[in-house]
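Asks: Sequence:
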Amino acid sequence: MSLAALADRAQALISGRTILGITGPPAAGKTTLSLALAEELSRRGVNTAVVGMDGFHLAGSILEARGLQGCKGAPETFDAAGFGALLERIATEDTVYAPAFHREIEESIAHEVEISPDIQLVITEGNYLLLGGPWERAKKQLAEVWYLSDGPHRMERLIARHINHGKTTDEATAWAHGSDEANARLIATTAHRADLILNEDLTLASSRHG
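Following the numbering used here, the numbering of the sequence shown begins with 950 at its first residue and continues without gaps.
One thing to keep in mind: the hints can contain errors.
To be verified - Pairs of lysine to aspartate or glutamate, EDC-like flavour, derived with a Cα cap of 16 Å:
#1 K1116 <-> E1055
#2 K1088 <-> E1037
#3 K1116 <-> E1053
#4 K1088 <-> E1130
#5 K1089 <-> E1037
#6 K1021 <-> D1144
#7 K1021 <-> E1056
#8 K1089 <-> D1144
#9 K1088 <-> D1144
#10 K1021 <-> E1053
#11 K1116 <-> D1099
#12 K1021 <-> E1120
#13 K1021 <-> D1067
#14 K1021 <-> D1003
Stated by the list, open to error - Label-pair distances were calculated between CB atoms; the ranges are:
#15 E1053 <-> G1031: 17 to 25 Å
#16 R1157 <-> V995: 20 to 28 Å
#17 E1130 <-> A985: 34 to 42 Å
#18 A1059 <-> E988: 21 to 29 Å
#19 S1065 <-> H1141: 30 to 38 Å
#20 E1037 <-> D1119: 38 to 46 Å
#21 R1157 <-> E1053: 31 to 39 Å
Simulated from the structure, these hints should not be mistaken for lab results. We treat Cβ as the ideally placed atom computed from N, Cα and C, and that holds for glycine.
Using the sequences provided together with the hints, build the complete structure.
Replies: The following block contains the structure:
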């Protein structure tokens, strides 16, 4: 399925300010797809913004205090309620400011992404958009959720990402095959809830709409 076809589908969803979700396992390409889709839609004159769920990572100090530093990225290491509340505000308020996560410092910076009144489509991407429980609040705001499946190069991208942000090769490999892989298996159990399932190369795997 081409980027243009995905943009067509996203554009057809727009009614007022609309929120589209893109989910999938770590390093599946969610951010890359979100930014490419936003660029294509902006080229068409659709005012688009991207908001990442990663902006709701709990701070390192909180993770350390709770003994969760070793599983950063697991569902319990995010502020799911805060993320849901943000999407509710995006859906109903003219101007909203969202946080953004910076891997180079492993922390989020508040109010970094401006959702201005002219924004028609917000693309939000993250691991747990379909998980349910405390994440259901966020899902209720999403016109559709697209699931980007695992691919043959995901693990090597994930390891490279960890290395680029300060881990040794051994540390990166252990983290990717340990905590990250446990999260990926959990995320995979939510794929059936998606409106659209795409393979790594954007090949259509399945769709609720044919």
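Asks: Are the hints correct? Go through all of them and say.
Replies: Against the structure, the hints come out as follows:
1. K1116 <-> E1055: 12 Å, holds
2. K1088 <-> E1037: 10 Å, holds
3. K1116 <-> E1053: 11 Å, holds
4. K1088 <-> E1130: Violated: K1088 and E1130 sit about 23 Å apart, past 16 Å.
5. K1089 <-> E1037: Judged against 16 Å, a Cα distance of about 9 Å means the pair holds.
6. K1021 <-> D1144: With Cα atoms ~28 Å apart, K1021 and D1144 exceed 16 Å; violated.
7. K1021 <-> E1056: Holds, at roughly 11 Å.
8. K1089 <-> D1144: 13 Å, holds
9. K1088 <-> D1144: With a Cα-Cα distance of about 12 Å, the restraint between K1088 and D1144 holds, given a limit of 16 Å.
10. K1021 <-> E1053: Roughly 15 Å separates the two Cα atoms, so the pair holds.
11. K1116 <-> D1099: 23 Å, violated
12. K1021 <-> E1120: With Cα atoms ~14 Å apart, K1021 and E1120 stay inside 16 Å; holds.
13. K1021 <-> D1067: This hinted pair is violated, its Cα atoms lying about 35 Å apart.
14. K1021 <-> D1003: 11 Å, holds
15. E1053 <-> G1031: 17 to 25 Å: At roughly 22 Å between Cβ atoms, G1031 and E1053 fall inside 17 to 25 Å, so the hint holds.
16. R1157 <-> V995: 20 to 28 Å: 23 Å, holds
17. E1130 <-> A985: 34 to 42 Å: 26 Å, violated
18. A1059 <-> E988: 21 to 29 Å: 25 Å, holds
19. S1065 <-> H1141: 30 to 38 Å: At 35 Å between Cβs, range holds.
20. E1037 <-> D1119: 38 to 46 Å: Holds - the Cβ-Cβ distance for E1037 and D1119, about 42 Å, lies within 38 to 46 Å.
21. R1157 <-> E1053: 31 to 39 Å: 38 Å, holds
Checked against the numbered hints above, the structure violates hints 4, 6, 11, 13 and 17; every other hint is satisfied.
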